[in-house]
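Line by line, the protein sequences are chains B and R. Take numbering that gives the first Met the number 0: the last position of the first sequence gets the number 504, and nothing is skipped along the way. Take numbering that gives the first Met the number 0: the last position of the second sequence gets the number 315, and nothing is skipped along the way.
Derived DMTMM-like pairs (lysine to aspartate or glutamate); straight-line CA-CA distance at most 25 Å:
#1 B/K437 - B/D455
#2 B/K124 - R/D52
#3 B/K124 - R/E55
If you anchor each label on the Cβ, the simulated ranges turn out as follows:
#4 R/V144 - B/E185: 29 to 39 Å
#5 R/P88 - B/S166: 21 to 31 Å
#6 R/D78 - B/R144: 39 to 49 Å
#7 R/R10 - B/E174: 42 to 52 Å
Think of the hints as simulated: they come from the structure by calculation, not from any bench. As the structure is a prediction and not an experimental result, all values here were calculated from the model. Here a beta-carbon is modelled for each residue, glycine too, at the ideal position from N, C-alpha and C.
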Amino acid sequence: MIGFLTTSACAVALLIGTAAFAAPPAGSKLTVATIGEPATLDVQLSPVILVQEITQHIFETLFALDTSGVAKPLLAAAMPEVSADGLTYVIPLRQDVTFHNDAPMTAQDVTASLMRWTKINSKGKAAAAYIDTIEATGDHEVTIRLKERFAPLVAMLSQYSVIMPESTLADPLVEFVGTGPFRLEERRPDQYIDLRAFEGYTPPAGEADGYAGAREAMVEQLVFTPVPDANTRVEGVLAGQYDYADSLPISAFDRLEASDVAEPVVLKDSGWMSLNMNMKEGVLTDVRLRQAVANALNSNDLMAAAFDDPGFFTVNGALFPESSTWYSTAGMDIPAEGDMEHAQELLKEAGYDGTPLRILTTRQYEFNYKMAQVAEVYLEMAGFDVDLQVSDWATLTSRRGDLAAWDIFITNSVFPPDPSMHNTFTASYPGWYETPGKDAALASYLSAVGEDAQKDAADALQTQFFTDMPIFKVGDFNSLSAASKKLQNLEPAVWPFFWNVSVGN
Amino acid sequence: MGSVTSVILRRLGGMLVVMLAIVTVTFVIVRLTPGDPAAMILGDQATVQDIADLRERMGLDRPILEQYATYVLDAAQGDLGQSLFLGVPVLDAIAGSAETTIFLTLFAILIAVAIALPVGIISAYKRGSVIDQIAVAVSMLASSVPSFWLGLILIQTFAVSLGWFPTSGYGGPGAGFATRMGHLLLPAVALGVVNSALILRFTRAAMLDVLSEDYIRTARAKGMVEKRVVMRHALKNALIPIITVVGLSVALLISGAVVTETVFGLPGIGNLTVNAVMRRDYPVIQGTLLVVAGVYVLINFLVDMLYILVDPRVRL
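Whenever a hint applies, use it, and build me the whole structure from the sequences.
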């Protein structure tokens, strides 16, 4: 039985009104053991989980997502005023926001930061194709004009598009000045990242809800320590050295549950697994063979091999988990256990000539490798000749950019806040998913106005996705972390956050 | 004196050639290895174009010979470049990791020698006795135990169960020297015990050889007290192989006890190098390999000089 923070999280959401900074208890400190050293603290450049986990305490976006994945104002004073044609977004800014260098946040800072985001962030670049201008139209107002309707704009302004003082914007970023409840005190690579409560912080209005709503630094010092060995993170949190430990082996669950010092934190639907296929070159350019791959695989076995404990995964081929407002079964017609007979028929129909199917995988993430091993067996049963190529993750990420080097790579991802933000829908993302049907469905989604129209368009996009089968989505997984029993008000999250969290006795 | 000076000069010249070869080989190997730092920085969302854009901004798309020439010229002036990930110069990153590695090596080797030397001497002196057999068996066991396993056992026992030591890390922000050193004790024990096995076996073997020499028999025949025979005559003559193996152990430890550093979450040279390899931080890989190779070469040089000091008959 999994009964702990996951279910109780919502019950302990804070009720904090807009208020001035209340100093946390002197000497209070919260230490987090992370999986390693982040590549950078520039989250606009490097939107990876670890970077986001740490920097969300330093930097903030105009909007933030609540527990349902809905955007709420954060640095914005309210939701944007959208013109009737859907092409102009007027965003009012809060007037009580101060940067960590004590300068007030202005519309100029916001436009400069967003411009940088559109130049260096992958999603920002995608948005740039739709953006005509970003302008300061008042001291505390920014207006974004679009060339075409772009439905995910607000969702995109809720992640990675952080606001920094214009004076600190540089490439590479050398000053890490944000507006968040914590400011950067010191970064010692491979040792720690030391954040301190920001005395000039004014929390946004509203009830704390996911990443949105009220935030307050409840500890004076927040330290992120890289501890690359997962077993050491387990021992550290059990010994009370760390208050929170990220990404732990599932095998540690029982020890954590039995501990007097720490407790397990299960992050539901923290990510999903997929076999991404090369649509531009090689064996799988033929949609019948991509469908054959999807039909050959038994998702139950693949997920069981990768994650072992059924409490930690859900077989789900849809683009979003059941807990998401975007969840839909539209277009799904392959059973979870696959359809081997149909796969073999498709292979015959496509005239598969025995060219090896090159699957890239890595042992750096053991679940990735285990899934590849089971997939290899099923694909060979269907009639494919499989060439499993194992390398480290860095090599895999490099090789998947080479059109001629692969047919399938196995990866895991986190759920985006918007259907169009799935990497696979970006035509230049490895896999190169570009079909007339997808382009039309995506364009319909991006120009949809209103919740119902967007939902219908998202369903149509998912249906097209299953028709084209650019990737085979296997299922969703939960991940295990651990928290000290002294922590109060911790809310499990993919990017765990420690504002509103205090350390008791 | 003249011949010693010429030996030193000859060895220093050789060291320079070795270092230049290392610079070239590491540069070539690093660039030939698949993987791309830009892809690692940008993460899973990155498109092929995003990666190409960042490579250009980082200067990684420049011709390889141009990059090599820049690197060699800068390295000759003591500039090993800037880490692509850590936001600091490579030399600063290495200096930041050096304290951990130097003190870990020092503690580990002190523990290893403190165990190995007396036990090795006694074991050789009492050859075939119960003490000797126990010492040989324990040293075999110690050499077979992986340091990471021993590390985890030590963590579970002394950090988690007894709470005497921290489980990992290097003390965190504001940690004083004593606190930082406290974090090195458990890993030093793990490394010291494992390394003591090799030194013990070399000490025992060297002492056994020397104790059967004629001059030892002669010393005893002259009525010299046994302690003086063993410590003054036998041990001094057995020191060369012992110094060699201690030197090798120091060189290995200083280049990074990677596994132990990872298990204990220590920010040492080993961790720095491995992390740099995993994320393809070219300047840090090249810099750490260069510095570690330099230390290796230097330690070998110092060991050679010690040979001359211990036994002036040695000619290199």
